[in-house]
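Peer 1: Each chain, letter by letter, is given below.
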Amino acid sequence: QVQLQQSGPGLVKPSQTLSLTCAISGDSVSSNSVGWNWIRQSPSRGLEWLGRTYYRSKWNNDYAESVKSRIIINPDTSKNHFSLQLNSVTPEDTAVYYCAREDWKYHWFAPWGQGTLVTVSS
Amino acid sequence: EIVLTQSPDFQSVTPKEKVTITCRASQSIGSSLHWYQQKPDQSPKLLIEYASQSSSGVPSRFSGSGSGTDFTLTINSLEVEDAATYYCHQSSSLPLTFGGGTKVEIK
Chain V
1 QVQLQQSGPG LVKPSQTLSL TCAISGDSVS SNSVGWNWIR QSPSRGLEWL
51 GRTYYRSKWN NDYAESVKSR IIINPDTSKN HFSLQLNSVT PEDTAVYYCA
101 REDWKYHWFA PWGQGTLVTV SS
Chain F
1001 EIVLTQSPDF QSVTPKEKVT ITCRASQSIG SSLHWYQQKP DQSPKLLIEY
1051 ASQSSSGVPS RFSGSGSGTD FTLTINSLEV EDAATYYCHQ SSSLPLTFGG
1101 GTKVEIK
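Each protein sequence line maps, in turn, to chains V and F. Here my numbering is used: the first residue of the first sequence is 1, the next is one more, and so on. Here my numbering is used: the first residue of the second sequence is 1001, the next is one more, and so on.
For reference, chain F alone in the conformation it holds in the complex (with noise of 0.2 Å):
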């Protein structure tokens, strides 16, 4: 089972500050690892495909990066509606994995 580790699991962020969330993979994945965000008491939402690749509808400020064993997700300019928790989601090999989770919040 691949085991996804993000860190840090918790950030307390001023608005316009740059975020930046890392998930690490215990083997390669080439680039197939998701990131979702999960605002309380919602389901989890699509906000990047395939390491890099922002799904439909999702602001530009948020990123994705890496490949192999090492990715980021980056939110440039932190804005309120973007406290949540985010998980990253490998699916590379069964059984799929998710993260741990970042817990964003506001300052």
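This is chain V alone, in the form it adopts within the complex (with noise of 0.2 Å):
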């Protein structure tokens, strides 16, 4: 059973790098059948995809246009995780923050991390 854990500080300054973790067990962040993503949730923006990464012979990225100039996930085969860094955060990035495998042939999202609040505030 493919579990995911997450860690991190709940909370951020403005302008500067939020940071979060996920580790996988029961699956391997290299498989070539899944994608690692990051997903957040609040109440202004509802539920919004941030990015993604995945390995097909190389590792690939996909981020939201919203927040392509500020993002990087990456991954992590040593530990068997993957991370998130936003950079120059605001009070709107003031978020739920969720990692989620996501099948690769139907893309949907399962299992879910257990969520991280975030809140950028000085």
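Incorrect hints may have been included.
[As the list claims (entries may be wrong)] DMTMM-like mimics (lysine to aspartate or glutamate), calculated; alpha carbons at most 25 Å apart, straight line:
| no. | chain 1 | residue 1 | chain 2 | residue 2 |
| --- | --- | --- | --- | --- |
| 1 | F | K1018 | F | E1079 |
| 2 | F | K1045 | V | D27 |
| 3 | F | K1107 | F | D1082 |
| 4 | V | K105 | V | E48 |
| 5 | F | K1045 | F | E1001 |
| 6 | F | K1107 | F | E1081 |
| 7 | F | K1107 | F | E1017 |
| 8 | F | K1045 | V | D103 |
| 9 | F | K1016 | V | E48 |
| 10 | F | K1039 | V | D62 |
| 11 | F | K1016 | V | D27 |
| 12 | F | K1016 | F | E1079 |
| 13 | F | K1103 | V | D62 |
| 14 | F | K1103 | V | D27 |
| 15 | F | K1018 | V | D76 |
| 16 | F | K1045 | F | D1082 |
Don't read these hints as lab results, they were simulated from the structure.
Both chains are sitting in their own frames, so use the hints and assemble them into the complex.
Peer 2: Dropping the structure here:
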């Protein structure tokens, strides 16, 4: 059974970098039949897909246009996890952040991590 | 970007009643539409894959239908434990997008 465990700080100052990690058990970050995603949820924006990383002979990334200039999603094969870095955060980036595994045949998300509330405030 | 519009936003329902939630896509997405259930303080959980396929372990009272631009999630004989917000999600094209959610409350 695949499980995702998120970690990272819940408070980030404006203009700084938000960093979260998603540890994978029961699957491999290097699997060529899944993708590894970050999604956030806020009252104002609802559920918003941020981006993904996946391995298909080489590592690939896709990012949402809304955050493309500020986001990096990286795999770490030695630790079997993947991470989210969101630079230059503002209070509008305050949200619950989720990691999620993406089935590569039909592209649904399951499972999801437990969620991390990240507040951007000084 | 494909916009998903769910209706209604909110529904208050008596146990054993039937619930119907719709999701309309701004352009045709074939069957690349999935449904999730999110209970308070929990992560979303996959209910229906690819418009009409029930995910493993999901009770049979949940079903999905539709293709193209119009999709439906049906809960037959609502149970108290089904109180949650339901979201649709399209995977036809990037960016992957979600509907705004439908909150189902038990009367």
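Peer 1: Compare the structure with each hint and give your call.
Peer 2: Here's how the hints hold up against the structure:
Restraint check for F:K1018 and F:E1079: the C-alpha separation of about 10 Å stays at or below 25 Å, so the hint holds. The straight-line distance between the Cα atoms of F:K1045 and V:D27 is roughly 18 Å, inside the 25 Å bound, and the hint therefore holds. Distance restraint check for F:K1107 and F:D1082: the Cα-Cα separation of roughly 12 Å lies within the 25 Å cut-off, and the hinted pair is therefore satisfied. Pair hint V:K105 plus V:E48 holds up; C-alpha atoms about 21 Å apart against a cutoff of 25 Å.
About 24 Å separates the Cα atoms of F:K1045 and F:E1001, which keeps this hinted pair within 25 Å; it holds. A hinted pair counts as satisfied when its Cα atoms are at most 25 Å apart, and F:K1107 with F:E1081 qualifies at roughly 12 Å. Restraint check: the Cα-Cα separation between F:K1107 and F:E1017 comes to about 10 Å, which is no more than 25 Å; the hinted pair holds. Distance hint between F:K1045 and V:D103 is fulfilled; the C-alpha atoms sit about 14 Å from each other, no more than 25 Å.
Simply put, F:K1016 and V:E48 have alpha-carbon atoms about 33 Å apart, too far for the 25 Å limit, and the pair is violated. Proximity of F:K1039 to V:D62 is assessed by CA-CA distance (about 29 Å); at most 25 Å being required, the pair is judged violated. With a C-alpha separation of about 39 Å, the suggested pairing of F:K1016 with V:D27 is violated against the 25 Å cut-off. Straight-line distance between C-alpha atoms of F:K1016 and F:E1079 comes to about 6 Å, which keeps the hinted pair within the 25 Å bound.
Proposed proximity of F:K1103 and V:D62 is contradicted: the alpha carbons are some 30 Å apart, above 25 Å. Between F:K1103 and V:D27, the direct Cα distance comes to roughly 33 Å. Violation of the 25 Å bound is thereby established for this hinted pair. Proposed proximity of F:K1018 and V:D76 is contradicted: the alpha carbons are some 46 Å apart, above 25 Å. Distance restraint check for F:K1045 and F:D1082: the Cα-Cα separation of roughly 12 Å lies within the 25 Å cut-off, and the hinted pair is therefore satisfied.
Checked against the numbered hints above, the structure breaks hints 9, 10, 11, 13, 14, 15 and satisfies the rest.
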